[in-house]
Amino acid sequence: MRVFTRRSRHHAERLRSYTPTTSHRRRPVRISVLAALFATTLAFTGCASTETAEDAAAAAKELRESGDGILTIYNSYKIAGLDPAGTGTNWLFDWGVAENLLQVTEAGQIEPWLARDVSRDGDRRWVVTLREGVTFQNGKPVDAAAVAAALTRQIARSKTAQVYLDTDTKVTVEGERVVLTTPQPNAMVPAALAARDNSLQIYDVAAVEATGGDSSKIVGAGAYSGPYAITEWTPDNLVLQPYAGHWEGVPPLKGVTVRVVPDEQARLAGVRSGEADMAFYPSTSVQLELQGNTDTHVLSSDAALQSLLVEMNLKAGVFTDTAVRKAFTTAIDYEGIAADVGNGQFEAAAGLYPRQMSFAEANQVHDPDLANRLLDEAGWVKGPDGIRTKDGRRLVVRFVTQAQGPETSDVAIAIQDQVAQAGFELRIDNAEDSAEVKKDPAGWEASVALSGSLSGTADPIQPFLVRWTTGGSSNAQGIANPEIDAIGKELRSEFDSGDRDRLLRRAQQILVAEEAYVVAGTFKYFTVVTGPEWADYTVSNVRRHITSRTGR
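Numbering-wise, the sequence shown is residues 1 to 552 according to UniProt numbering.
Incorrect hints may appear among the rest.
Label-pair ranges, simulated between beta-carbon atoms [claimed, not checked]:
1. R272 / G69: 16 to 22 Å
2. S273 / D385: 54 to 60 Å
3. D376 / T105: 28 to 34 Å
Listed below are the simulated DSS-like cross-link pairs for lysine-lysine, each with C-alpha atoms no more than 30 Å apart in a straight line [stated by the list, open to error]:
4. K159 / K315
5. K217 / K140
6. K489 / K439
7. K170 / K159
8. K159 / K382
9. K439 / K315
10. K217 / K254
11. K78 / K159
12. K140 / K170
13. K78 / K439
14. K140 / K159
15. K170 / K382
16. K315 / K254
17. K140 / K315
18. K254 / K159
19. K390 / K315
20. K159 / K439
21. K315 / K382
22. K489 / K217
23. K315 / K170
24. K170 / K78
No lab work stands behind these hints: they were computed from the structure.
Yeah, the Cβ is synthetic: ideal placement off N, Cα and C, and Gly gets one too.
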């Protein structure tokens, strides 16, 4: 049993947190995807499942004999649209609708999906051999022409795809194979073909373009190849039915419903009442909420890959001063956040990346004495209430959290207490749209959000480029560091894993130790609350929440 200190008791009262009385040991997961992504020669092979429709039906019946065979999920994020060129397809990846050419496994290995083989032919050519017999949900073949059309459209029109693949990348058909030819050597191609975040899932272009971009008309078009097809859609509600012609066999569930329920208490109440089978994105206090409730289960992924980044605004305010940034980041107790707030959902952050990554640097330091000394030297003087001032200005940090991610508020409350010891006054702004708030440089000083240093499929390069290079699409901080930009350019074309690791380690020294632009507040295990029929559900490390096997 953990003994609560005065500090942890204080957090328990504020967060209504619960600390289990027994230790929950997690299996270590070695994430080696990057070594695979950047190998000199890449080849991926695999085969389809031989399970029959009868096998799948029998397994589904056994599992769901007390229910209706429909999996109902309460989620907190809207499904903004269904045209991949307009909104991306990461949620369709999550819910078993869309598929990539490659995938990252739960253990971090890259392997085939719709592609049977992908190999590099020289520095600029990548050759894709497709699985045979795969069809879209409307019955059309997922052949070389269809794949080339989807990739070409996305490279031309999707900003997220363009992070990985330059718009001058050519996609051609050579017999039954697809060939990607990049304008310069591009080591990111395998990650592009595997990642959920990049809008390169494969779809029937003709079916989508026939709708004129109207998502309501994409419903029922069978434009994707996954095990579940869309039968109803609004931004708040997604209804799916099994695709009997899926290449891995008949999916076991009769259907899947994903309903957006913004309020966490309503999501949990839905599971307790039996209206929902699962609730996603619970806060860290969920153990206390459900303590003694025998018909709910709190399940977590094996690996904590999701970082909650603490970002400083470099465009305006107190964090334009490097000394103040360093004082703030060294005042944060990273071990304390995980131990006193996480309730088993967090792993302490020693650096920007999970410690099992081959390039991870453990350079985040908690040193309250150093934090105070830096602020003293910078001319900030503590007042009677413990908050510092300089030239009549209080050391106030407007700290933006993410309403759809309740754990960000939990982390903010912990940080509020910790940085107060150095003389910071943290004012928490729990924003419905934190990205919108951060568009105004005068409206915030720092933030914490579910904005990872890794992509949803464990790739570090895409987040690096969009968050930390000059002009990156998610660079609200205003980082403009020539060496970081140069590293980003090198990472795009570096095939050698050792050199890639060296570049990432140097970048972490700049981002964390030298400039204190950003730190990881904590790492989060992906957590789901389920009802009793789903107590054996395996929570994905890489957000493949629904697959052709779910429910077996």
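Mind listing which of the numbered hints don't hold for this structure, in increasing order?
2, 3, 8, 15, 16, 17, 18, 22, 23, 24
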